[in-house]
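Given the structure of chain A, go ahead and fit chain B onto it with the hints provided.
These protein sequence lines are chains A and B, in that order. Quick note: the first sequence uses numbering that gives the first Met the number 0, first residue 0, plus one each step. Quick note: the second sequence uses numbering that gives the first Met the number 0, first residue 0, plus one each step.
Keep in mind the hints are simulated off the structure, nothing from the lab. We treat Cβ as the ideally placed atom computed from N, Cα and C, and that holds for glycine. Any given hint might turn out to be false.
[As the list claims (entries may be wrong)] Here are some chain A residues the structure puts well away from chain B; computed CB gaps all over 10 Å:
{"hint": "1", "residue": "Glu16"}
{"hint": "2", "residue": "Glu42"}
{"hint": "3", "residue": "Arg143"}
{"hint": "4", "residue": "Arg238"}
{"hint": "5", "residue": "Glu246"}
[Said to hold, decoys possible] Quick list of the computed label-pair ranges, beta carbon to beta carbon:
{"hint": "6", "chain 1": "B", "residue 1": "Arg140", "chain 2": "A", "residue 2": "Tyr28", "range": "37 to 45 Å"}
{"hint": "7", "chain 1": "B", "residue 1": "Gly12", "chain 2": "A", "residue 2": "Arg251", "range": "49 to 57 Å"}
{"hint": "8", "chain 1": "B", "residue 1": "Ala170", "chain 2": "A", "residue 2": "Arg125", "range": "41 to 49 Å"}
{"hint": "9", "chain 1": "A", "residue 1": "Asp31", "chain 2": "B", "residue 2": "Ala209", "range": "27 to 35 Å"}
{"hint": "10", "chain 1": "B", "residue 1": "Gly12", "chain 2": "A", "residue 2": "Leu32", "range": "36 to 44 Å"}
{"hint": "11", "chain 1": "A", "residue 1": "Gly136", "chain 2": "B", "residue 2": "Leu154", "range": "50 to 58 Å"}
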Amino acid sequence: MGLVPTPSIARTHVMNEPAIELRGLQHRYDTDLVLRGVDLRIEHGEVFGFLGHNGAGKTTAMNILTTLITPTAGTAAVCGYDVVTERSEVTRRIGYLPADVRMYGHMSALENLEFLAKLSGLPDARAAAMEALEFLGCADLAKRRVGTFSTGMRQRIGIAQAIVHRPHVLLLDEPTSGLDPMGVRQLRNTITQLNAELGMTVFMNTHLLSEVSKVCTTIGVLNHGELIYNDSIENTTLRFPDESSLEDIYVRVGGPTP
Amino acid sequence: MTATSTSGRAVIGTVSAQQALTFRRQRVRLIGVATLIMVTAMAGILGWSSHHTIVRVFDQAVQLQAAAGNPAPANPFLLKPSLSLLSNMVVYIPLIGALIALMVGHLAMAEDQTNGMGRLIFTRPIARTQYALGKILSAVRLLATALAGCWALSLVALLIVNRTLNGPDLARLTGFYALSWAYLVVFALIGMLTALLIRRRSLALLSAIAVWIVVTFVLPQFVSGLRPTQSLNPLSEPAGLSQGFFRITHLAQPISLVEGYKDAASSILRTTPATTAAETALSVLPTLIAAATLALLVLWRIQRHDYSRSASDE
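Excised from the complex, chain B in its bound form:
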């Protein structure tokens, strides 16, 4: 049984399969999938409930008008896009989904440092890039599995509420979850990178959460939050972008990942005024660039990581 040369793909597959087993045994997969599915169910119920309430209130108003002999317009809320049922998911994914993704990325990369397995792994004939790709693949797959579950549940919810779903809407639903997956991959990679940069596990996780806070809450305050006119009326043109301080905040818009995600997701679900395909693509771009950059950073950092020492888990 002689050791043969291990192909890169085989190593990536082995590392990924091992990590998937770890996720399963440590119930990370169960927690991640269950949480996202519960969130989807909640979004569906809330979407249906608010839509149903509005329609009923309008219908009652129509009945009152009809009783008074007045003509009543057709219910405009029935014209809302069918996917608007899931509009709350645009908020839940950056809030809850991103935190789960951080945890997944952190666990994937930190455990081998803490339990000393990194030392045993890197005394085998494998490249660190292959190892990192295996870890990334396992996290990416886990998030894809969770979002596939959300997609299926959303489909069922839409079919129950709307009775039917046309082809373009199905494509939009799929596009929304594909975008959400890319967004969550960004946070899984942030979890991995902080685990590689900071040796103490608790501090690494805390730093990842700090990044999540900045991306989710701080950056939006620097962008749309600083435009008072737009805050009052989101449909109006942002005022004074070319003046003073707002010129700087305007420059920050492309790096405000969460706003890019929300713009693109709302546009895909058609819950905001119609945007062009180019505008939607432009909103998606920061997420894709961030994912690619972070993946490269993880691959770069792992080459320099000292696996001869175990990380502290205090």
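This is chain A alone, in the form it adopts within the complex:
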């Protein structure tokens, strides 16, 4: 299939900088401080699992990385570009899958993807949309209206829209929510495929620790807005040899049971 590895948009600059870098990142909703000076560095090619209980600040961090909100203090950069001052460069390099992906229900999957691909500035948006659908093995959904889709189908189309412009960094917010076991397995394979074949860096907010251990190369644990743990899966299992699962490790490092 025709999807090629992530294209070179100022590739040299991109590869010299970390895929994602957060420095002293803070965010406040009114009086509620939800991110308390998070420092994090994620290298290219990693699949990063961002763990934390509900309300820990994971989605807020993702909203900052997607440029949807502006941090109260600190900085966040994607491929070396600041999310506030270089928004346009950042949005060219990210693909985003929200937790509850919904699109125009009256439009077909292909029409939705074509519209978003055009906004991404792709010269042949329709071909790019079709390629993304074929890559994910859901070309059969192209002509169907999104309003008729199941949760699993919507999730696949959601991933297609996130990769249609071949981003360097894929931001997935609770990608397994609402999926059945088959859907979860399919998603896991897709993430692995996107990382291995297209070289995309994946940043994933999740609750499913079993999936994290199968897919992620590094993890970070956020607790009440503070990053309390950050290491590779390999090192994590070495550091906690007595714990039988990632869930046990998660509880050990301070996060409450999800």
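Same frame as chain A, but now just chain B:
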């Protein structure tokens, strides 16, 4: 297939085309155009019917006078301006047209908040101003399409009833619909602005309707409705404008959009005593100022809108 820099015009065009497709698929365009065309047809029929009745009654009176051997004057109603056939449109546009425009503006701006598409759109390299301009363009085009249909139907009705239509009247007809379009754009922008200011969809639409009620019914009561002499005889000079409370209500006149629209529209259609071009232009001015101000407010508000959260549609 590398992402290239997207030109502002291309983004505006893409957003506008997508919204036009949404209007078409959700039958908003059909409902909007059909309603305004039906209203135009109704105005034409009512205008023709009342004119025809008056002329016939006068002709019968002339026949009676002639039978009694009395001289009868020429029928003055035949001297009425040909465009007076559409005089009811001056009432229908602020009542029905403005409500349709509110709905169009609200739908254009609110849907992306409710269905979560705003989050996907604003994680693309586009500016919020471009997005807002695309939405405005789609609403403006829809209203223009509807009014173009009304213009064509009015033209046909006038040709059927009057047999002929001269150049100046054609220009006046076009001018009337251009003014009506500007007036409806104001309400489409009010629909957009309330959708951006109020997150709950139902409340946003209700607020837009509240604004429409104030503009259409409340403000006129503060202006001409408070001048008893003018209410009794609209041709006489307003009395006591320089005294007490009427000084305040007189100040409110420029912001009474609907009165400005009615004055200008009636003047263009020549259904009221002749006014100067400057007076007509002055009546049009509040509508144009309101449209420009509201467009700027929409562009300002969208910069601050939080698209990371979905709006509630309850």
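Starting from the hint list further up, note which numbers the structure goes against and sort them upward.
none
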